[in-house]
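Here the protein sequences come in this chain order: A and B.
Oh and the first sequence: position 296 is 295 in numbering that gives the first Met the number 0, straight run, nothing missing.
Oh and the second sequence: position 66 is 65 in numbering that gives the first Met the number 0, straight run, nothing missing.
Since the hints were made in silico from the structure, they are not lab data.
Incorrect hints may have been included.
One copy or two, either will do: identical chains are not told apart, so a pair holds if it fits within one copy or between any two.
[Unchecked claim] Listed below are the simulated DSBU-like cross-link pairs for lysine-lysine, each with C-alpha atoms no more than 30 Å apart in a straight line:
1. K181 x K244
2. K181 x K228
3. K181 x K288
4. K309 x K288
5. K313 x K244
6. K313 x K181
7. K355 x K317
Protein chains: 2
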Amino acid sequence: MSAGWFRRRFLPGGPLPAPRPPRPRASPVPYRRPRFLRGSGSGSGPADAPRRPDARPVRSPARGRALPWNAGYAEIINAEKSEFNEDQAACGQLCIRRCEFGAEEDQEWLALCSEELLTGHYWALFDGHGGPAAAILAANTLHSCLRRQLEAVVEGVVATRPPMHLSGHCVCTSDPQFVEEKGIRAEDLVIGALESAFQECDEVIGRELEASGQVGGCTALVAVSLQGKLYVANAGDSRAILVRKDEIRPLSSEFTPETERQRIQQLAFVYPELLAGEFTRLEFPRRLKGDDLGQKVLFRDHHMRGWSYKCVEKSDLKYPLIHGQGRQARLLGTLAVSRGLGDHQLRVLDTNIQLKPFLLSVPQVTVLDVDQLELQEEDVVVMATDGLWDVLSNEQVAQLVRSFLPGNREDPHRFSELAQMLIHSTQGKDDGPTGEGQVSYDDISVFVIPLHSQGQRSDGH
Amino acid sequence: MSAGWFRRRFLPGGPLPAPRPPRPRASPVPYRRPRFLRGSGSGSGPADAPRRPDARPVRSPARGRALPWNAGYAEIINAEKSEFNEDQAACGQLCIRRCEFGAEEDQEWLALCSEELLTGHYWALFDGHGGPAAAILAANTLHSCLRRQLEAVVEGVVATRPPMHLSGHCVCTSDPQFVEEKGIRAEDLVIGALESAFQECDEVIGRELEASGQVGGCTALVAVSLQGKLYVANAGDSRAILVRKDEIRPLSSEFTPETERQRIQQLAFVYPELLAGEFTRLEFPRRLKGDDLGQKVLFRDHHMRGWSYKCVEKSDLKYPLIHGQGRQARLLGTLAVSRGLGDHQLRVLDTNIQLKPFLLSVPQVTVLDVDQLELQEEDVVVMATDGLWDVLSNEQVAQLVRSFLPGNREDPHRFSELAQMLIHSTQGKDDGPTGEGQVSYDDISVFVIPLHSQGQRSDGH
């Protein structure tokens with residue numbers, strides 16, 4: 000991942016420097032970089048164009064390369080809408096070594112677990128906006144941030160129960176309030192590491208984009224298989240679902256101006272200066288205009304889930320903080336998502352109003368206890384960017400999965416074929432199983448992760 | 000509900016004045032006060048004491064009076080732990096008339112629906128702390144606040160779809176952003192009215208307690224049956240569940256310092272002055288002490304669902320904003336709930352630190368579409384204060400419901416008997432169906448609401 004390679008591979012002619020770790024750590028353990036695959040949609044020439052005459056050309060999705068590790072048949076495929084793909088992806092093995100402490104008093108305790116080593120698998124989708132730069136940086140950076148964050152707490156992650164003190168320090172006292180500890184689990188540390196990794200990666204992207212004079216942001220959806228559990232961390236509007244024979248289980252939820260309305264309005268309530276007098280915090284069923292002045296109209300504020308009526312004042316006529324519905328909903332008239340990485344420089348057009356305070360980089364993390372599932376060979380997790388879910392419902396995707404896999408048991412590439420087929424189903428083919436000929440004009444990336452191989456712990460202990 | 004009656008009934012010798020509506024409205028429609036029943040636990044003498052020698056005397060629960068309306072057999076029963084019952088309850092019919100507008104231009108439109116009248120049913124449980132005063136005020140006030148809030152929007156509630164303008168005003172324009180409206184439903188207005196009613200009631204309680212020199216607060220759990228739907232609004236740690244033959248569905252969730260940790264920490268992050276330098280916002284597995292200084296210990300902050308490690312600084316040794324776990328968890332070392340009514344004067348002992356900014360009066364509202372259920376005669380909603388749920392799980396309550404009702408089909412008081420039996424099951428009787436002899440020493444109030452009679456719309460249109 001040299002700077003030259005980085006530029007050549009993703010940004011022809013672009014001056015973007017290679018990402019630097021934000022907090023270099025002196026470590027005597029040699030850094031073994033996981034081999035990472037990025038699906039950058041290197042499709043070759045137009046083909047497979049949708050039937051509808053108004054459809055833009057769609058390149059043939061290139062099948063992702065075989066994975067360099069034994070994770071099964073996970074695949075990524077990109078459908079491209081523009082010359083530079085704003086969707087980016089990464090997957091690979093996460094190799095977590097123990098963290099080295101400097102303090103001498105820690106050495107004895109560390110010796111007890113000095114050979115601890117944890118391996119996991121990592122899949123990530125990034126859907127860029129305002130250009131591909133942030134998505135590319137995220138695809139190149141987030142796994143390193145996650146590895147660093149996990150290494151900082153790995154002694155806790157591999158313990159039966161994470162110790163109160165990372166260094167094994169024990170405080171003995173007779174006062175119960177200083178003794179009784181809450182039951183923190185190893186998975187709580189992994190969740191914390193994912194949360195911190197997203198924030199660290201966001202800081203890296205902010206610095207790198209500023210240094211290179213570039214802009215943009217991206218959503219991030221990450222799945223990590225570790226110690227028999229699958230962690231799904233999401234910031235944005237991509238989605239992961241578990242599909243089994245008799246079950247469809249959402250593993251993420253979308254973060255958009257609509258789903259995060261109360262958090263966003265609350266922030267504007269606490270810091271009204273963020274709106275610079277240009278926007279109204281209140282939500283109305285449509286934009287108000289002069290004729291509405293003095294009328295009693297439907298509205299809601301940050302503390303309300305329900306609606307009520309209020310008398311329209313002049314300040315209510317301002318442009319709304321969140322405007323539009325569904326796919327058209329925009330934060331400050333600008334952004335369709337409310338969580339993601341990057342966008343540090345993003346401002347409302349012709350103003351100095353920043354998006355970032357409203358846009359969070361913190362992901363929501365869901366944990367799937369794979370070891371507790373009675374896994375069937377065709378249980379899969381489908382991860383995809385919003386382009387897929389705009390056109391196919393969870394149920395339609397599950398139907399496609401269930402109709403495809405059983406008939407292709409002998410095909411070693413069947414999970415790849417399934418990922419391809421899911422994308423094909425969004426390109427207006429009337430003969431698809433749903434028969435509705437839906438069309439998506441967005442970049443689409445899909446991972447199909449077979450869980451069967453994840454169920455058996457593949458980590459080193 | 001005269002002042003004299005109010006005092007006599009609930010506060011022997013107490014100087015509490017009758018609650019006044021916060022915003023008197025001139026209305027030509029005569030106010031028809033619903034007849035309300037308050038279950039104040041007027042138990043008569045000790046009996047039915049638990050077997051355990053250390054148990055405090057428990058009075059025989061008094062069966063609630065027959066309801067004055069056709070809501071079925073809903074019942075309230077109080078188990079008492081102290082001379083003045085901190086649990087209070089109310090139920091009755093809600094009669095919603097149209098709101099009168101003063102403006103002449105509204106009269107024509109109003110004439111179209113001048114006879115609109117909506118009736119519903121109302122059940123409420125209030126669990127007081129710091130004395131019964133707030134719970135009594137809430138039992139006497141909240142239904143009036145809700146009636147007022149519903150009357151203010153009743154034209155929207157009875158419309159097929161709530162109009163953008165309450166007065167029927169129409170704005171015609173060619174710009175789509177000023178035309179297309181979000182699909183607000185009648186139930187959104189009821190949710191909004193419940194949210195507003197809780198806040199209005201909270202303000203009334205604040206004023207009344209201050210005027211009478213009294214203190215205290217209470218949780219509030221309200222169920223409203225209206226237009227074929229059951230609305231459950233909850234602020235505190237009471238709980239409502241739906242029990243059917245094959246289904247247990249939670250209709251509320253509890254608001255405690257633990258369940259609302261992130262909101263509470265977030266508030267302290269935004270307004271650190273609220274902690275007056277006396278508390279630490281961060282959460283640790285146990286309280287820290289001097290020996291922990293400089294160690295790396297588990298912690299989490301407002302933006303984290305997972306845990307991580309941090310190096311302990313001096314400020315981390317302060318008393319935690321949220322301390323303890325489960326039933327022992329306390330907000331600012333003081334309060335076991337994070338939502339409720341009252342407590343405007345409540346401060347941390349020996350400080351000027353107020354609880355109220357952290358304590359919210361906004362309820363969470365759940366909607367059960369009763370008309371969509373294929374109701375069986377024995378489908379019930381069980382509402383109870385925390386004392387019941389401390390001892391019985393949802394599954395145990397459902398088991399008691401399902402084992403009791405089918406064998407008592409001929410008993411006209413069977414829902415009352417069931418409510419009694421549920422409370423008896425918490426009094427350490429080893430021969431109870433759960434056979435575990437659990438004991439609760441808290442006040443307990445239970446409503447058992449048969450849904451069968453709610454399914455048929457009993458409102459006036």
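*Homomeric proximity label, K181 with K228: Cα distance no greater than 30 Å*: Result: close within a single copy only, 22 Å intra versus 40 Å inter.
*At most 30 Å between C-alpha atoms: does K309 with K288 qualify within a copy, between copies, both, or neither?*
within (15 Å within a copy, 52 Å between copies)
_Up to 30 Å CA-CA - K244 versus K181, copy category_ = Classified as neither; 37 Å inside a copy, 37 Å across copies.
*30 Å Cα cut-off: does K313 pair with K244 within a copy, between copies, both or neither?*
neither (56 Å within a copy, 54 Å between copies)
*Is it within a copy, between copies, both, or neither that the alpha carbon of K181 lies no farther than 30 Å from that of K288?*
Answer is between; shortest inter-copy Cα gap is 16 Å, intra-copy 54 Å.
*Which holds for K313 with K181 at a C-alpha limit of 30 Å: within a copy, between copies, both or neither?*
Between copies only: 21 Å across chains, 52 Å inside a chain, cut-off 30 Å.
*asked:* At most 30 Å between CA atoms: does that hold for K355 and K317 within a copy, between copies, both, or neither?
replied: Classified as within: same-chain Cα gap 21 Å, cross-chain 32 Å, threshold 30 Å.
Against the hints set out earlier in the document, violations occur for numbers 1 and 5.
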